[in-house]
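Given the coordinates of chain B, assemble chain S onto it according to the supplied hints.
Chains as they are written, first to last, in UniProt numbering: chain B, 1 to 193; chain S, 1 to 193.
Hints listed in this document are in silico derivations from the structure and should not be mistaken for laboratory results. Hints may be right or wrong, so weigh each one.
[To be verified] Taking lysine-lysine and the BS3-like style, the derived pairs with C-alpha atoms no more than 25 Å apart in a straight line are:
(1) K165(B) x K52(S)
(2) K52(B) x K63(B)
(3) K80(S) x K52(B)
Chain residues, written in single-letter form:
Protein chains: 2
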Amino acid sequence: MSVLAIVPMNEDMKTSQRMKTQTISSLSNKHMWHVNKPNNEAVELASYQTDKRSEVAFRQFPKRTVVATGYTAGYESTGKTEDHPQYGVTYSGLPVQRGDISTIAADLTEFPLGTVLYIPDYGYGIVTDIGGAIEGNKIDLYYEEVEDVYREWGKREVDVYVIEKGEGSVTASDIQAWEQAITDESIPVMNTN
Amino acid sequence: MSVLAIVPMNEDMKTSQRMKTQTISSLSNKHMWHVNKPNNEAVELASYQTDKRSEVAFRQFPKRTVVATGYTAGYESTGKTEDHPQYGVTYSGLPVQRGDISTIAADLTEFPLGTVLYIPDYGYGIVTDIGGAIEGNKIDLYYEEVEDVYREWGKREVDVYVIEKGEGSVTASDIQAWEQAITDESIPVMNTN
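Here chain B stands alone, though its shape is the one from the complex:
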C-alpha cells in the first residue's frame, strides 16, 4: 500500500489540508468535553458533531454503509484464553491494537487485508482480521476490554416507555404478575427477538 497515493504532495494542498485538519482538531477539543459529561444531550451532541466533522474531513473518500460490532481478543470473541499461543494475534499474523489506527475484522471479499477505513466514533481501522459472523457488510471493531465495547460502542440513546413507576421494592411475585400480564396480552406484546 502507499500512503503517498492519498496525500497531496503539492505544498499548497498540504497547507490547506493541514489548515483544515487544525480546524477539525480545535472543533474536536471543544466537543470532547461534552462527550465526557454523563447526560444524553452530550452523547447526542458529540455523535452529531462527530458525524458532521467526519463528513467535512472525509468528503473526498468513498463512503460505505456497514453494520459494525465490537470485539476483544478475549475468549468471548475468539475462543482463545490468554495462555493460548495465538492469543491477541489476528488472522494476518499481526497483533491486535487499539490506537491512532486500530485492527479490525472484515469480510475479505468486501474489504481485503490492509484496507483502511475511517469509522466515526471509533477512528481509523485497518483490516487485519476476520470473524465467524463477519460476512458481507459487517465489520468487527477491536477494543481492549469487554467494558470498552459496552461503554464506547454498545451505548444507545433510546426513548423508553415507563409502564409503571416502582414503589422502591420488587419481589418474585411482582415479576410473575408482569409475566402474566404479558402472557394474556393485557399489556402490549411486541416480539423484538
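Here is chain S on its own, set in the frame of chain B:
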C-alpha cells in the same frame, strides 16, 4: 405494584386493547423475518418498524430518553465469577433473568426498584439492579452472554469512509506508515476518544 392499575377492566376496552395487541403481533411477525436477514437494510427496516410499532402500542405511557448499555452477570460487568455465592443475584436479591420481562439496572432515584420500562429492541425490563456507572438517565440491560450484548445491543449501522482499499496483505510496516500519516496529519485527524 399493581398490574390492574394499567389494565382497563371495562370489557369493551379490554377487547379493543386485545385487538390492538393482535394487530401489533401480526405486524411483528411480518417484520421479524427481516430482523433475521443478515443485511443492513433489514437492520434499518427492523429498527424503524420496531420504533413505529412501539409508538403506536405505547402512546399511552410516559416516554423517557435514556442512555442504555448492556451487561451480563459475568466478571466483566459484576466482578463476580460463577463460583461467587451472589453470582447472578441482583441488588434486590432477585436473580437476573432475560425473558418476556428482563431484569435491568438503573439509578434508583430516577427509576425505583420495581419500575417497569418498555425498551424498543429489548423488550420489557423491570428494575431490580444497580450499577457503578449507572447514574442519572443511564440504564443497563441484562443479557445472558457477552456475545448477546455485542450482537443484539452493541450493533450499529454506520457510514464508514474507505481511505484505501487493501491489496490483500498487510504488514507491521504498513501500519507504521499509516500511524506516521496520522501523526503528521497528512490524513485527517479527529479525536473521537
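Tested hints:
no.: 1; hint: K165(B) x K52(S); result: 24 Å, holds
no.: 2; hint: K52(B) x K63(B); result: 14 Å, holds
no.: 3; hint: K80(S) x K52(B); result: 41 Å, violated
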